[in-house]
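Engineer: Sequence:
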Amino acid sequence: MQKKKYNIPVEATLEVIGGKWKCVILCHLTHGKKRTCELKRLMPGITQKMLTQQLRELEEDGIINRIVYNQVPPKVEYELSEYGWSLKEILDSLCGWGEKHIVKVYGDKFSVLEESVLNEKLK
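So the sequence shown is numbered by my numbering: it starts at 143 and just counts up by one.
Hints are computed from structural coordinates only; laboratory data are not their basis. Check the hints yourself; a few may be wrong.
[Claimed, not checked] Cross-link-like lysine to any residue pairs, in silico, SDA-like; alpha carbons within 20 Å at most: (1) K162 with E201; (2) K230 with C165; (3) K182 with C165; (4) K175 with E202; (5) K162 with Q195; (6) K164 with Q144; (7) K176 with E157; (8) K164 with K191; (9) K164 with P215; (10) K146 with V158; (11) K230 with T155.
[To be verified] Simulated restraints, written as ranges between beta carbons of each label pair: (12) E201 with S253: 18 to 24 Å; (13) E221 with E153: 22 to 28 Å; (14) N149 with I209: 25 to 31 Å; (15) V152 with K191: 23 to 29 Å.
We treat Cβ as the ideally placed atom computed from N, Cα and C, and that holds for glycine.
Kindly generate the complete structure, drawing on both the sequences and the hints.
Structural biologist: Listed below in structure tokens is the structure:
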């Protein structure tokens, strides 16, 4: 495997958590284990294919753990790995900046934010 070259360290970060959905998935997992169907319900704008792809990539990068229960019907849950928990401060900072941006652009953040467990602490 050839070593990658990065211009600055943030490129490595964005390679792992960049894109529209990965940070959203990770934020939901900071609230505990989730099944795929739970994540899909929490993120109605994501397709099943994209969710599956993003979960696989996060698992490959060691950010999340996939837990398979040996039962019928099969049960699979996802949780943040120990390494994934090291992103908590970054995720909190992104949420904080996003809230300030929403207020700056739209004024009332609650007119723009959906009802979500992630938005409960903003009230």
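Engineer: The structure should be examined with respect to each hint, and the outcome stated for every one.
Structural biologist: Hints, one by one, checked against the model:
For the proposed pair K162 and E201, the alpha carbon gap of about 17 Å is at most 20 Å, so the pair holds. Taking the CA atoms of K230 and C165, the gap is about 10 Å. The hint holds against a cut of 20 Å. For the suggested pair K182 and C165, the alpha carbons sit about 14 Å apart, so the restraint of at most 20 Å is met. For the proposed pair K175 and E202, the alpha carbon gap of about 18 Å is at most 20 Å, so the pair holds.
At roughly 12 Å between alpha-carbon atoms, K162 and Q195 fall within 20 Å of each other, so this suggested pair holds. As the CA atoms of K164 and Q144 are separated by approximately 25 Å, the hinted pair breaks the 20 Å bound. Restraint check for K176 and E157: not satisfied, since their Cα atoms lie roughly 23 Å apart, outside the 20 Å limit. A hinted pair counts as satisfied when its Cα atoms are at most 20 Å apart, and K164 with K191 qualifies at roughly 14 Å.
Between K164 and P215, the direct Cα distance comes to roughly 27 Å. Violation of the 20 Å bound is thereby established for this hinted pair. The hinted pair formed by K146 and V158 meets the criterion: a straight-line CA distance of about 13 Å does not exceed 20 Å. Simply put, K230 and T155 have alpha-carbon atoms about 13 Å apart, close enough for the 20 Å limit, and the pair holds. Between E201 and S253 the CB atoms are about 36 Å apart, so this pair departs from the stated range of 18 to 24 Å.
E221 and E153 have their C-beta atoms about 27 Å apart, which keeps the hinted 22 to 28 Å range intact. Checking the proposed 25 to 31 Å range against N149 and I209 shows it is violated: the Cβ atoms sit about 37 Å from each other. Hint check: V152 to K191, Cβ distance near 28 Å, so the stated range 23 to 29 Å holds.
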